[in-house]
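Asker: Read off the chains here:
There are 2 protein chains.
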Amino acid sequence: MNKVIRVMKTHRSIRNFTEKQVDEEVITIILNAARQASTSNFIQAYSIIRVNDPASRKKIATLAGNQTWVVECPLFFVFCADLKRSELACKMQNRQMLTGYTEQFIIATVDVALVAQNTMLAAESLGLGGVFIGGIRNDPVQLCEILDIPEQVYPVFGLCLGYPSDVPEVKPRLPLEVIVKEEKYSFDDLASIKAYDQTCNKYYRERSDASREDNWTKQIARMTVEPMRPHMKDFIRSKGFDLQ
Amino acid sequence: MNKVIRVMKTHRSIRNFTEKQVDEEVITIILNAARQASTSNFIQAYSIIRVNDPASRKKIATLAGNQTWVVECPLFFVFCADLKRSELACKMQNRQMLTGYTEQFIIATVDVALVAQNTMLAAESLGLGGVFIGGIRNDPVQLCEILDIPEQVYPVFGLCLGYPSDVPEVKPRLPLEVIVKEEKYSFDDLASIKAYDQTCNKYYRERSDASREDNWTKQIARMTVEPMRPHMKDFIRSKGFDLQ
Chain A
1 MNKVIRVMKT HRSIRNFTEK QVDEEVITII LNAARQASTS NFIQAYSIIR VNDPASRKKI
61 ATLAGNQTWV VECPLFFVFC ADLKRSELAC KMQNRQMLTG YTEQFIIATV DVALVAQNTM
121 LAAESLGLGG VFIGGIRNDP VQLCEILDIP EQVYPVFGLC LGYPSDVPEV KPRLPLEVIV
181 KEEKYSFDDL ASIKAYDQTC NKYYRERSDA SREDNWTKQI ARMTVEPMRP HMKDFIRSKG
241 FDLQ
Chain R
1 MNKVIRVMKT HRSIRNFTEK QVDEEVITII LNAARQASTS NFIQAYSIIR VNDPASRKKI
61 ATLAGNQTWV VECPLFFVFC ADLKRSELAC KMQNRQMLTG YTEQFIIATV DVALVAQNTM
121 LAAESLGLGG VFIGGIRNDP VQLCEILDIP EQVYPVFGLC LGYPSDVPEV KPRLPLEVIV
181 KEEKYSFDDL ASIKAYDQTC NKYYRERSDA SREDNWTKQI ARMTVEPMRP HMKDFIRSKG
241 FDLQ
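As they're listed, the protein sequences go chains A and R.
So in the UniProt record's numbering the end of the first sequence lands on 244, straight run, no missing numbers.
So in the UniProt record's numbering the end of the second sequence lands on 244, straight run, no missing numbers.
One thing to keep in mind: the hints can contain errors.
All copies of an identical chain are treated as equivalent in the list; a pair is satisfied when it fits inside any one copy or across any two copies.
[As the list claims (entries may be wrong)] Under the rule of at most 20 Å between Cα atoms (straight-line distance), these lysine to aspartate or glutamate pairs were calculated in the DMTMM-like manner:
id, residue 1, residue 2
1, Lys-171, Asp-209
2, Lys-9, Glu-87
3, Lys-20, Glu-177
4, Lys-9, Glu-226
5, Lys-58, Asp-139
6, Lys-194, Glu-87
7, Lys-184, Asp-148
8, Lys-218, Asp-197
9, Lys-184, Asp-197
10, Lys-59, Glu-182
11, Lys-171, Glu-72
12, Lys-9, Glu-24
13, Lys-58, Asp-234
Hints were generated in silico from the structure; no laboratory data involved.
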């Protein structure tokens, strides 16, 4: 098993970090590797905001649902889908960018995710660990105020990084035969999902931290209790992503 | 430089492949590593369709803008954002999934991109190369017909993989000081973008294959000539992603 495969297979979210700071040199290595990710039409429609300021971190931790690791982690990034730079490129060529297409929203969202996954893996390969913070979308308007995020840019998720102070078990993912379809899309086999529920139940019961009775379908079903961040529609449009 | 960093830094899109097929064992290693990617709320909102059938490949290559490598590559995947499985999980728990939120669209699109980037890197670490095919979004309705893709699922991009028959130069990306912002979002420095245009101009002029006069801002500005896949709005909604 090569190191790339090993790093992927041992991925787990890390929320507890040692006091050890991350050297600037290490941060540069990580981000220089990450930015070589694939990008649709070479557009590179993303920006990364590095937030050190404790006051900003505290506000972000709170709005993300009291995720204290946002304050405590040595390194915190906010990954943004960014078409502002494309707008500038167009201006530099005396063109006006066409805006507001659903397609652009997809391109920018995918671009930033590709770079973020590289960032996570590059960091993990150097002994760091981390966790993505989708919770920043709880209150993206406030986040944009804190970070001066303009139109044509939207914050997609945060990333906490640092040296792990504990190493949780790897969480079992949906099995290959469920996620990979042959030749055409096919509906999931119920037996496979039930077996996966068993696997997840065992994982939740036996894990060293926060053991509980749970499984995958229960967890997904709990997400239906309330609308999922319904403010995102208006927020995304307010940033100039009209989803036309 | 460890292998993870090295694989990222030497990424380039590969469109020409040798005849060598990819062993099933290698494919399994790649996908088993890839599926350990981070996922929002553990939802794992994606599926991967592996397309071998030459007739399907040919149709997809054509609709993607005559991308012949879709036919020629040993291995071709279509990465889909997939909420169908969440719907099933809810049903198994006697719940009805709430659908149509912009937030769900983001979650599923990010999830699939994270797994896809893992797939690319895992493949590259084993000597393969590949290229993402956003061109499948040229005619997503036809693609869904070819691949029986139902509602609550949308195809985001394809991925061609195989053993490279040539190794193009690495394409220079936007420099760190442009993509990384400190503490708050800041507008790009014009001088940095101009310098990057020079870097790209040199790259396009000197590269071994398809040398041309070009730069980054010119390339981005050309994307303004026509609306960007304006059909995506209706298509996405037709798949049950209402972007509410």
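Asker: Run every hint past the structure and note whether it holds.
Answerer: Consistency of the hints with the structure:
no., hint, in the structure
1, Lys-171 to Asp-209, "within (12 Å within a copy, 44 Å between copies)"
2, Lys-9 to Glu-87, "neither (39 Å within a copy, 27 Å between copies)"
3, Lys-20 to Glu-177, "neither (41 Å within a copy, 25 Å between copies)"
4, Lys-9 to Glu-226, "neither (33 Å within a copy, 42 Å between copies)"
5, Lys-58 to Asp-139, "within (14 Å within a copy, 45 Å between copies)"
6, Lys-194 to Glu-87, "between (48 Å within a copy, 14 Å between copies)"
7, Lys-184 to Asp-148, "between (45 Å within a copy, 6 Å between copies)"
8, Lys-218 to Asp-197, "within (9 Å within a copy, 51 Å between copies)"
9, Lys-184 to Asp-197, "neither (25 Å within a copy, 42 Å between copies)"
10, Lys-59 to Glu-182, "between (46 Å within a copy, 17 Å between copies)"
11, Lys-171 to Glu-72, "neither (23 Å within a copy, 36 Å between copies)"
12, Lys-9 to Glu-24, "between (27 Å within a copy, 19 Å between copies)"
13, Lys-58 to Asp-234, "neither (25 Å within a copy, 40 Å between copies)"
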